[in-house]
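Visitor: Spelled out from the first residue to the last, the chains are:
There are 2 protein chains.
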Amino acid sequence: MKEIKVGIIGFGTVGAGTAETLLKNKDVLEKRTGVTMRLAKIADLDITSSRGFEVPQGVLTTNVDELIDQCDIVVELVGGTKIAKTFILKALEKGKSVVTANKALLATYGAELFAAAEKTGADLCYEASVAGGIPIIKSLREGLVANRINRIYGIMNGTCNYILTRMENEGADFDTVLKDAQKLGYAEANPSLDIDGFDTAHKAVILASLAYGQWLTLDDVRVEGIRGLSIDEINYANDLGYRIKLLAVIKNNDGTVEVRVAPTLIPQSSLLAQISGVFNGVMVDADTVGQTLFYGRGAGRAATASAVVADIADAALNLAHNCKRRVSPFRPGKQFDMVAPQGENVSRYYLRFQVKDCPGVIASLSAILAKYEISISSLIQREVAPGTASGIVPLVVLTHAAKEHSMLAAIDEIEKLCICAGKAGMLRIEDI
Amino acid sequence: MKEIKVGIIGFGTVGAGTAETLLKNKDVLEKRTGVTMRLAKIADLDITSSRGFEVPQGVLTTNVDELIDQCDIVVELVGGTKIAKTFILKALEKGKSVVTANKALLATYGAELFAAAEKTGADLCYEASVAGGIPIIKSLREGLVANRINRIYGIMNGTCNYILTRMENEGADFDTVLKDAQKLGYAEANPSLDIDGFDTAHKAVILASLAYGQWLTLDDVRVEGIRGLSIDEINYANDLGYRIKLLAVIKNNDGTVEVRVAPTLIPQSSLLAQISGVFNGVMVDADTVGQTLFYGRGAGRAATASAVVADIADAALNLAHNCKRRVSPFRPGKQFDMVAPQGENVSRYYLRFQVKDCPGVIASLSAILAKYEISISSLIQREVAPGTASGIVPLVVLTHAAKEHSMLAAIDEIEKLCICAGKAGMLRIEDI
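Chain order of the listed sequences is R and C. If you're matching positions, the first sequence starts at 2 in the working numbering and goes up one per residue. If you're matching positions, the second sequence starts at 2 in the working numbering and goes up one per residue.
Rather than coming from a laboratory, the hints here were simulated on the basis of the structure. One or more hints might be untrue.
Listed below are the simulated PhoX-like cross-link pairs for lysine-lysine, each with C-alpha atoms no more than 25 Å apart in a straight line [as the list claims (entries may be wrong)]: (1) R:K25 with C:K335; (2) C:K120 with R:K3; (3) C:K32 with R:K325; (4) R:K417 with R:K404.
Interface residues of chain C toward chain R, partial, derived using beta-carbon atoms under 10 Å [what the hints assert, rightly or not]: (5) G18; (6) L23; (7) D28; (8) E128; (9) V146; (10) N148; (11) N151; (12) F295; (13) V309; (14) C324; (15) V347; (16) I433.
Note that CB positions come from ideal geometry on N, CA and C, so glycine has one too.
From just these sequences and the hints, can you work out the full model?
Guide: So this is what it looks like as structure tokens:
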């Protein structure tokens, strides 16, 4: 049986999970592929702390260059966009097959990395960079290769989905649940990457690029996170038959590609709305297959390792069968005319105003929306509970599809009305 | 760009969908793979009727041998286990790459076909044989290659799921919905293959074989269909928080593999229970990735074509990169000791008895269950609506896990009691 030497750089959570899986499921991997993937080297600054399983002698090293020289497949699990990039470029320069889970690096320096891989004919695999253990990259570019992709909807950040699920189930507010999530290890001490939507945006860049054949960057994505999302919005959405998810939306409208990440109302009855807690789900809507959905754990030691090892197996099969780059790391082949300019994005909207409980409110507000050609699909003003003396009531409006710049201008004008108290809440709606 | 010649045998629904997709999405396929897949030949007895799109001149033929000789990839979409097998063997003998959607053929003659492919080093791809457009085979054996598979649950027959969904939503009985489904084209004039569970069983054979490394046959599967399923069971299950689905269950319990197809109660709250109408869903539970779910259209011209063309692209990439059988059509590598013998299957059960409304009923019935070491998890006897004069009431029992032969023996004994009127209803429960 052909033996392929695997080296892992970064012996953290995912690195340890990957090493453990290679050791523990060695027999299964050999039976399924006919190739031996030998864990030859693991490089880390800390090679003495226990990671909960036994590492064979001679495998641990602090010398990354030695690892790159001695291994056929180099697995980068350091994270970040600095030293990780250096390691990957070094490995690619030597023609080594590279596997990475580094979404931030790919979203930022994808084009540079692909060019480096092409130069030496190297493989570069990154299944684990999107949606953890779900084989969404393989499914999108191989399983659905025959399709023009209409839309992709992704719940791809477990931290945010966990927070939103708990807010909805417990009626708790954002700050309380975030603090608890941090205590439980579901959110980082500095949670910005997750809750401000950037982690999801990195993944959206990768999926959109693969779907439409041109490598995009974060600049092409409109990003809003869930920080400070009010429990009121979740409750109102719920009353109207919707659930709020941090959703990546990737669309191709007649040649105009739109990529955005935002807390979004989706119908409670949709399958995506059922994805709760730390789980991820990606729905792909395409011209031939129709609607498909892929669900699973989007993060964690073992689930991410499942995707990393799948990439190792793919790269190992390519080496064993002498067909590197059989599926190119990224094959340009643009399938759109332009990325939608800021403000030109079109979607339905959920608006929540705090208004004075007096005559003429709905008339003034709806006149402004009409002026901007924004059509109302439903409007709810509830009576205030007795004893609430403020005289301020929430007015919730759902609109039909409108352009973002019209919506922002209308809201700006409405907020200036004397009947309006404080900032309006604005969220997008997707009728999946 | 390397050109690969594709020939399709069988110009029926899926054949036409495949040909149309190859023509319509030619540009996308080339951009994504770097290979031209040219529709070179289509063979059918009827080459004059329109299939709704224009076929290039010289492509249509009635001569299968000519097609096999002239094409690099032979796509068998004739169906059935006779002439289709002859065509596939002929193509494999000549070393041609073969793509098929023929689940019945694979479930029956898989071992023979794989041997023929191995002899000439040919590729044999069959993504479309299971769950239509869902790339479940690629996901299972490549995306989840690092995993030991604990369980697979599949809703894999659109006809049955459509019937069950309508029965539940409308409270309609089986025969009425079946007749309507036949009128609407969702069920065949002879619906046996679907409603008696054999179509699902064919697919279960394929998934179980891939999961556990030995090619099984229909003899290894316990098959029950949904024919004549009473609306009462659906309603009682509903009351208890369950939904009834025709479920393929594939399990590996410490080396004993169990494959069965049966109408099964699953919790309403599970994601699988949300899969309604003609859609399919496959849940894979594995040691590294945890729980994953794959959802999409399980049948139909376009969705099935999506999977067939994905196989064509895989085979074409193998030809272009000179790496045929990079992923073997089937690689033996047994991961279990034995298939569970008949009667040794273990599961929870739903039982419905029609009993006389008199003292001692529950005592007699529960004594018999206890004798067979079957433990009751819940029991419901409802009051009869006033005016129902028969004196017969339904008694519904849910049990903890029990062996099938114990359960059958207990039911047999209970049915003989004088308090019992008619046959008992028995269904399995899976706590997903």
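Visitor: Take the hints in turn and mark each one as holding or not.
Guide: Taking the hints in turn, this is what the structure says about them:
no.: 1; hint: R:K25 with C:K335; in the structure: holds, 17 Å
no.: 2; hint: C:K120 with R:K3; in the structure: holds, 21 Å
no.: 3; hint: C:K32 with R:K325; in the structure: holds, 18 Å
no.: 4; hint: R:K417 with R:K404; in the structure: holds, 21 Å
no.: 5; hint: G18; in the structure: holds, 8 Å
no.: 6; hint: L23; in the structure: holds, 8 Å
no.: 7; hint: D28; in the structure: holds, 8 Å
no.: 8; hint: E128; in the structure: holds, 7 Å
no.: 9; hint: V146; in the structure: holds, 5 Å
no.: 10; hint: N148; in the structure: holds, 6 Å
no.: 11; hint: N151; in the structure: violated, 13 Å
no.: 12; hint: F295; in the structure: holds, 6 Å
no.: 13; hint: V309; in the structure: holds, 8 Å
no.: 14; hint: C324; in the structure: holds, 4 Å
no.: 15; hint: V347; in the structure: violated, 24 Å
no.: 16; hint: I433; in the structure: violated, 13 Å
Violated hints, listed in ascending order, are 11, 15, 16; each of the other numbered hints is respected by the structure.
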